[in-house]
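Protein sequence lines, in the order shown, are assigned to chains V and G. Once you know that position 128 of the first sequence is 128 in the numbering used here, the rest is easy, because the numbers rise by one and skip nothing. Once you know that position 233 of the second sequence is 1233 in the numbering used here, the rest is easy, because the numbers rise by one and skip nothing.
Derived from the structure by calculation, the hints contain no laboratory data. All values derive from a computational prediction rather than experimental measurement. Fair warning: there could be bad hints in the mix.
[Stated by the list, open to error] Distance condition first, Cα-Cα at most 25 Å in a straight line; then the derived DSS-like pairs of lysine-lysine: (1) G:1404 to V:50; (2) V:89 to V:240; (3) G:1173 to V:85; (4) V:50 to G:1150; (5) G:1511 to G:1469; (6) G:1502 to V:293; (7) G:1222 to G:1502.
[Unchecked claim] Derived CB-CB ranges, DEER-like: (8) G:1387 to V:141: 55 to 63 Å; (9) V:45 to G:1263: 22 to 30 Å; (10) G:1175 to V:92: 53 to 61 Å; (11) V:29 to G:1087: 52 to 60 Å; (12) V:110 to G:1101: 40 to 48 Å; (13) G:1265 to V:124: 50 to 58 Å; (14) V:326 to G:1172: 54 to 62 Å.
Heads up, the beta-carbon is just placed ideally off N, CA and C, and yes, glycines get one too.
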Amino acid sequence: MGLVIARRLAFLVLTLVGMSLFVFIVTHAVPQDPARLVAGDYATRATLEKVRQDLGLDRPLWEQYYLYMRALLRGDLGRSFMSNKPVLKEILTFLPATIELSLASVVFSLVLGLGLGVLSAINRGGLIDHASRLISVIGAAMPIFWYGLMLQLIFYRRLGWLPVGGRLGSSFAAPPTITGFYTIDAALTGQWPMVWDAVAHLVLPGVSLGFLTVAILARITRSSMLETLNQDYVRTARGKGLRESRVIMVHALRNASLPIVTVFGLRLGAVFAGAVLVEAVFAWPGIGTYAYKAIEFSDYPVIISFAVIASLLYALVNLATDLVYFALDPRIKQ
Amino acid sequence: MRHWTRLITLLIAGLALAPAWPAAVGAPVRDTFNFGSITKVASLDPHRITSGWDQYLLAYVYDVLVGRKKGSSEPDPRLAVSWRVSPNARVYTLKLRERVKFHDGSDFNAEAVRYSIERANHFKVGAGWVLEDVEKFEVVDPATVRFTLKQPNALFLSWLDSLFIVSPAHVRKNERRPGDYAADFYADGANGTGPYRVTQRIPGDKVFLERFDGYWNGWQPKHFRRIVQWEVGEATTQRLMLERGELDAIRLFSSDDVRAMRRSADLVINETPSTNQFYIRLNMAQGPTTDARVRKALAYAFDFKLFYQIEDQFGPSDGPCVSEFMDGWKPSGLINEANMSRAQQLLREAGVGPFRITFLYPTGVEWERRAAEIWQNNLKQLGVTVDIRTQTWPTMFAKLVAWKDTRDTATMENSYGQLWGVRYADTHAYLNFMYRSDAIGGAGRNMMYYNNPEVDRMIDQATLQPSVKARVDMYKRACQMVTDEAPDIFVGRSLMRLPMRKDVKGFYFDKLDWRIPFHQMWRE
């Protein structure tokens, strides 16, 4: 297995280099002038030229790419054209917000998706089964931002149960940065009202982001469980007099989990993509919004760094998914 | 089995029915004003910002030497209490206000002005343009400074409204390396002499301002103590938050949302004509629009009335420049009503048959798209086909600028949409930026290549006139010339709109920009 991981990591490096080159070429191919956006509307030609030099935009493309990659190897992702702040520092500011949101949606989608799928399989043809399949169809059909807006309208505007907009209400300043996750940082500093406020702000965007995954997971869990529940070893387990919960959770679900893990692993990458839309709807200050503004502003260092980091995260998630396979099914390890 | 099913069902129900959180959503805090902005704050650095929206926020954290009287272009004392201008408008001597403190307690004086100029010149971007014409700066004494300009410029005082003053001691204290002017610190932090100080900036989320009790202009107890600017990029979300009371005001650009909000008993829509005007700019360098008769025909084909009905944030245009800066004057012969028969006649006189033109607008600016569709519909009747295209603004801008060098027919755009407002309160801001011949190619917005040496001469002459009347007379002649040549369709003048909760009092529009006078507002 060590060899497998080493091979995957080596391939990852090639992927990252290829991704950075591709994004570099595409961003520079689009006719834009970031120097003008940095200098401002009233800048003279002399100022514009100075800004181009300061940003390195007057150099040949191959030299710009070489300098960027050389700095990247030292862990320097450059400076944002927009804010003039180190890109790495900004990514470390925005990324935890997206991870926190994604984790919330993952927890929601795992519990609801697996639960619905298991219940559907157990009560095949019953009310829960029909309800679950209806939820799956709706979940797969409607766009993410539509969920977001509907949830805002119902739970925020009409009922006033849950907040929207940002990670905290305006009566709280941000907690001291320890992990970057407001829920954890607030808990670690003992600010319990802030913890509840942060959790409350996570609910609606987390549900919006996770709903499609619920739909997919419920379906795949149901079909995988139905197949497994008909197996001989399940019949044997029941015949031995084991508790039904043990039969379902240990014997059936575990063996049904491989396709579920596959789909879930693929969905994790899509969750990051979906986060961009949810962040826009809920004013969530995450990496998606940050990257979107960078693209609009032709902020090359941010765009390339974001592409590299997103690829890295996606590759690591895939690797983690494969490792979970090994843990679930020893036969795969061999 | 049933027990197990029940357990899972309960868990799912618990999760699916989100908890009735006692979140007290939308309860306003009396002394806090929550403002929703669709735009993201790029930086808090007073000498690096290029966005007008960021400038409006920082206008309450930092001060300038000379501002403007409310709603007028007349200079108003701020950190400078009085000034003398030499007869040739080259030398400006300013007397500074005394006993003014920065938020960190350091003193405001001539050295702070000198250092702010040095810092702005170091970065050159943002407000650096204000200092381009400065030949020499002198500290006469701790309370007096003098600017000597390279050439006469009667507008210099109005330009100083864009130059924020910082504390040298605070900058030096926060430098990471000597001479970096604390660029990193000031991206997220601030230290000015304004009524509010920045207590925290959460990038991409909020900026928190707290009242500065040592503000030189004093405070009334009832005014807002705390300001929170929220960055909420989605218009619908902003609107819901305003209706719920979590936001007290929002900046909105959708007529549909405004129509819906007018029905709310808790909201008021503050409105006033702004100095922003929307132009459809026509290519003067190549293609069918090089003929003035064709340009006028295209203008007569625009259904202005229908556009104002659909996009009610627009009203009739004043032409190349706004009338507020011109003693209420508007040019004669301004085309602001559709006249299809006149359009047809002009095209016949020009001897052009059916032809095709392109129109480019920035992605996301829906009212420009609607304007283009209205125009396209009428032009069809005249045998003119309009290809409507959209690109993001940076791409569009770069493409239009690059065409200056190639003049390639294949990549030529015949027209594009331009909304233009001003950074300083003078007609010069329109003429110099939109019609001056060397504002072609990016150093301005003259991206359809209008070129009239006589207009250039009048713009230059106007800046030499210390007398406002003499300046305005020149501007009138220049504006009339531009109107006669019809390089643009002067589509409309936009309203400034600020939907606000009814319990917020003290708001007024300074129609020359979008500043919200936080420190003069309160909640009833």
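Verification of the supplied hints:
In summary, the hint linking residue 1404 (chain G) to residue 50 (chain V) is supported, as the alpha carbons are separated by about 21 Å, within the 25 Å threshold. Of the supplied pair hints, the one linking residue 89 (chain V) and residue 240 (chain V) is violated, its CA atoms being roughly 58 Å apart against a limit of 25 Å. The suggested pairing of residue 1173 (chain G) with residue 85 (chain V) holds, with an alpha-carbon distance near 18 Å, which does not exceed 25 Å. In summary, the hint linking residue 50 (chain V) to residue 1150 (chain G) is supported, as the alpha carbons are separated by about 21 Å, within the 25 Å threshold.
Proposed proximity of residue 1511 (chain G) and residue 1469 (chain G) is supported: the alpha carbons are some 21 Å apart, at most 25 Å. Between residue 1502 (chain G) and residue 293 (chain V) the alpha-carbon distance is near 33 Å, which puts this suggested pair outside the 25 Å criterion. The straight-line distance between the Cα atoms of residue 1222 (chain G) and residue 1502 (chain G) is roughly 16 Å, inside the 25 Å bound, and the hint therefore holds. In this structure the hint that residue 1387 (chain G) and residue 141 (chain V) lie 55 to 63 Å apart at CB is violated, the actual value being about 35 Å.
Checking the proposed 22 to 30 Å range against residue 45 (chain V) and residue 1263 (chain G) shows it is violated: the Cβ atoms sit about 51 Å from each other. For residue 1175 (chain G) and residue 92 (chain V), the Cβ-Cβ distance of about 22 Å falls outside the hinted range of 53 to 61 Å, so the restraint is violated. For residue 29 (chain V) paired with residue 1087 (chain G), a C-beta distance near 55 Å keeps the hint of 52 to 60 Å intact. Restraint check, residue 110 (chain V) to residue 1101 (chain G): a C-beta distance of roughly 56 Å breaks the suggested window 40 to 48 Å.
At roughly 52 Å, the beta-carbon separation of residue 1265 (chain G) and residue 124 (chain V) lies within the given 50 to 58 Å, and the hint holds. Evaluation of the 54 to 62 Å hint for residue 326 (chain V) and residue 1172 (chain G) yields a pass: the beta carbon distance comes to about 57 Å.
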